[in-house]
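Chains as they are written, first to last, in UniProt numbering: chain A, 1 to 341; chain B, 1 to 341.
It is worth saying that the hints were derived from the structure and are not from the lab.
What you are looking at is a predicted structure, and each value in this text was computed from that prediction instead of being measured.
One or more hints might be untrue.
If chains are identical, the list can't say which one is meant, so a pair holds when it fits in one copy or spans any two.
When the alpha-carbon atoms are kept at most 20 Å apart in a straight line, the in silico EDC-like pairs for lysine to aspartate or glutamate are as follows [as the list claims (entries may be wrong)]:
id, residue 1, residue 2
1, Lys-141, Glu-190
2, Lys-141, Glu-103
3, Lys-141, Glu-12
4, Lys-167, Glu-289
5, Lys-167, Glu-285
2 protein chains.
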Amino acid sequence: MSRLNIAKGRVEMVHGSGGRAMAELIEQLFAQAFDNEWLAQGNDQAQFTLPPGRVVMATDSHVVSPLFFPGGDIGSLSVHGTINDVAMSGAKPCYLSAGFILEEGFALADLKRIVDSMAAASKEAGVPIVTGDTKVVERGKGDGVFISTTGIGVVPEGLQLSGDQAKPGDAILLSGSIGDHGVTILSLRENLGFEADICSDSQALHSLVAAMVECVPEIRCMRDPTRGGLANTLNEMAQQSGVGMQLMESRIPVREPVRAACEFLGLDPLYVANEGKLIAICPQERAEELLAVMRAHPQGQDAAIIGTVVEDSYHFVQMETVFGGSRMVDWLNGEQLPRIC
Amino acid sequence: MSRLNIAKGRVEMVHGSGGRAMAELIEQLFAQAFDNEWLAQGNDQAQFTLPPGRVVMATDSHVVSPLFFPGGDIGSLSVHGTINDVAMSGAKPCYLSAGFILEEGFALADLKRIVDSMAAASKEAGVPIVTGDTKVVERGKGDGVFISTTGIGVVPEGLQLSGDQAKPGDAILLSGSIGDHGVTILSLRENLGFEADICSDSQALHSLVAAMVECVPEIRCMRDPTRGGLANTLNEMAQQSGVGMQLMESRIPVREPVRAACEFLGLDPLYVANEGKLIAICPQERAEELLAVMRAHPQGQDAAIIGTVVEDSYHFVQMETVFGGSRMVDWLNGEQLPRIC
Numbered sequence: 001m002s003r004l005n006i007a008k009g010r011v012e013m014v015h016g017s018g019g020r021a022m023a024e025l026i027e028q029l030f031a032q033a034f035d036n037e038w039l040a041q042g043n044d045q046a047q048f049t050l051p052p053g054r055v056v057m058a059t060d061s062h063v064v065s066p067l068f069f070p071g072g073d074i075g076s077l078s079v080h081g082t083i084n085d086v087a088m089s090g091a092k093p094c095y096l097s098a099g100f101i102l103e104e105g106f107a108l109a110d111l112k113r114i115v116d117s118m119a120a121a122s123k124e125a126g127v128p129i130v131t132g133d134t135k136v137v138e139r140g141k142g143d144g145v146f147i148s149t150t151g152i153g154v155v156p157e158g159l160q161l162s163g164d165q166a167k168p169g170d171a172i173l174l175s176g177s178i179g180d181h182g183v184t185i186l187s188l189r190e191n192l193g194f195e196a197d198i199c200s201d202s203q204a205l206h207s208l209v210a211a212m213v214e215c216v217p218e219i220r221c222m223r224d225p226t227r228g229g230l231a232n233t234l235n236e237m238a239q240q241s242g243v244g245m246q247l248m249e250s251r252i253p254v255r256e257p258v259r260a261a262c263e264f265l266g267l268d269p270l271y272v273a274n275e276g277k278l279i280a281i282c283p284q285e286r287a288e289e290l291l292a293v294m295r296a297h298p299q300g301q302d303a304a305i306i307g308t309v310v311e312d313s314y315h316f317v318q319m320e321t322v323f324g325g326s327r328m329v330d331w332l333n334g335e336q337l338p339r340i341c
Numbered sequence: 001m002s003r004l005n006i007a008k009g010r011v012e013m014v015h016g017s018g019g020r021a022m023a024e025l026i027e028q029l030f031a032q033a034f035d036n037e038w039l040a041q042g043n044d045q046a047q048f049t050l051p052p053g054r055v056v057m058a059t060d061s062h063v064v065s066p067l068f069f070p071g072g073d074i075g076s077l078s079v080h081g082t083i084n085d086v087a088m089s090g091a092k093p094c095y096l097s098a099g100f101i102l103e104e105g106f107a108l109a110d111l112k113r114i115v116d117s118m119a120a121a122s123k124e125a126g127v128p129i130v131t132g133d134t135k136v137v138e139r140g141k142g143d144g145v146f147i148s149t150t151g152i153g154v155v156p157e158g159l160q161l162s163g164d165q166a167k168p169g170d171a172i173l174l175s176g177s178i179g180d181h182g183v184t185i186l187s188l189r190e191n192l193g194f195e196a197d198i199c200s201d202s203q204a205l206h207s208l209v210a211a212m213v214e215c216v217p218e219i220r221c222m223r224d225p226t227r228g229g230l231a232n233t234l235n236e237m238a239q240q241s242g243v244g245m246q247l248m249e250s251r252i253p254v255r256e257p258v259r260a261a262c263e264f265l266g267l268d269p270l271y272v273a274n275e276g277k278l279i280a281i282c283p284q285e286r287a288e289e290l291l292a293v294m295r296a297h298p299q300g301q302d303a304a305i306i307g308t309v310v311e312d313s314y315h316f317v318q319m320e321t322v323f324g325g326s327r328m329v330d331w332l333n334g335e336q337l338p339r340i341c
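Whole structure, please, built from the sequences with the hints as guidance.
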């Protein structure tokens, strides 16, 4: 094997050939960063045991642009996003796979930075990347790097979370401020200079989830409000459960610089993507207890009860505004922020 | 919800927004084609139970160009490829996930054709696509559609297949003719007109694998020779097991039109990708029995014992040619066929 020139080299078509150059890329870049016993098996698949219980599988393809942003990059995001999709079922995420689609000419130094960031996120979360794949497309047929991650996990006994479980009277909780990720990306993309004050909230939420379901196993459902933001995710859940929702705007935390940036950009923070927040719906009588658990966790310090599930055959999400009026919070129509994750 | 215009519509950025348009695309195209109880859960993750045993996970990103070819398309290929990666461990593949990266402007009719083909391949294989994700990138930042699939399966008790298990004296078996997939793609891409006589071998091999491990559980390892072809895959296994290999060229089946196309194109069929063939290494004394099982299966009718594992501290793969000489079968160096899968 020859040494990759990571400092100055670029991705070439030959790195996707299946031959020696691909083996070098995998060995010297991916395997070295992800470094675990499953990858070391060296097969086209990873083998492991899972604790008993229902298995959960989630997948996400990541195409965020730009690739690097305050608070993370496509690498850490691809780990956090899929861990969160698994965790929202109440499951403990166990293993990840990663598929890379690289564009010819992409700097190996940037790829290494991304892969190292993935490895760090995976190690911090305790969820190893156990198998993967690499493809290369010609210059102009991709955009630097796309990463598809799949996660599997196991649901602890006694949990039955699903988006169709919300019931009238339930409380709606949110783990923290909204809009941080989307506004960070957009500000960077448009060169607006807000990045000094704002930062993506990209983070893996499974330890927060574990604390929540441990204390309140009756949680009906959880979901992370990514693309389409809080508004769209709540509409999905209302639709799925056949209920309406009534929110209180004053309870929804939005950080001041994010609010300012949204005003400047003409964005409604309710529709802006988050990558480190969750919505939980639980029986009203357990809501205060759940809130306390969330606030006691570093990732839920700003958690709030933001509304109530109501009966509504139209499955509308409505909101009492800070001015005391009422507004509809509709599905996201049209496109707000392309390639946010 | 409004109706998608599948006949004349195109992928728009809004289909990746997370909002209503994305929900319509998922509902009217993906969910309808894949149609199963897990997708119907409507959550960002699928839940299921697995039979007891070691779990296997494999992932592949598919960027084949062109998207449609004799014998399949990127949709069926993305199902077959990942099922095969899971099956090569001896596992029964159970579930698949699929992540789509779509290029703005891609015809919805073509997308539907691909998705229907995936659905058919998944149903034929009995391995449902239980969860997925859709992203859209701007025109010129992708190439129609890329599909990342991940599969999970469970290894029957008593099996311990791995690329590092080959031992001197073992027999090397191949399930059928080589080169069909790669030559088909290249001929099509270069407008050579060979497609009339040739066809991709893309197929899911898990039922062949099940028959093989049932009869000969002592199989040391299996692998499907995709990118890099038979030559590269054997070199990988030789390296991993710390052995050499001695092949007999006369035993390696190559279909006549494939041989002719390879000659015309200046390709060595040993290095051309396959998508429906497997290599198995087993103890010599079980080789004839394994061969009989393979030949009795529709996917292994042309199976052959193509060589022997030998002691070799250099881990060389060598071949006795049809002319009685000997040649080295080295790793694939450089790039033969980009975007073959």
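Exercise for the section: Check each numbered hint from earlier against the structure, then list the numbers of those it violates in ascending order. Expected result: none
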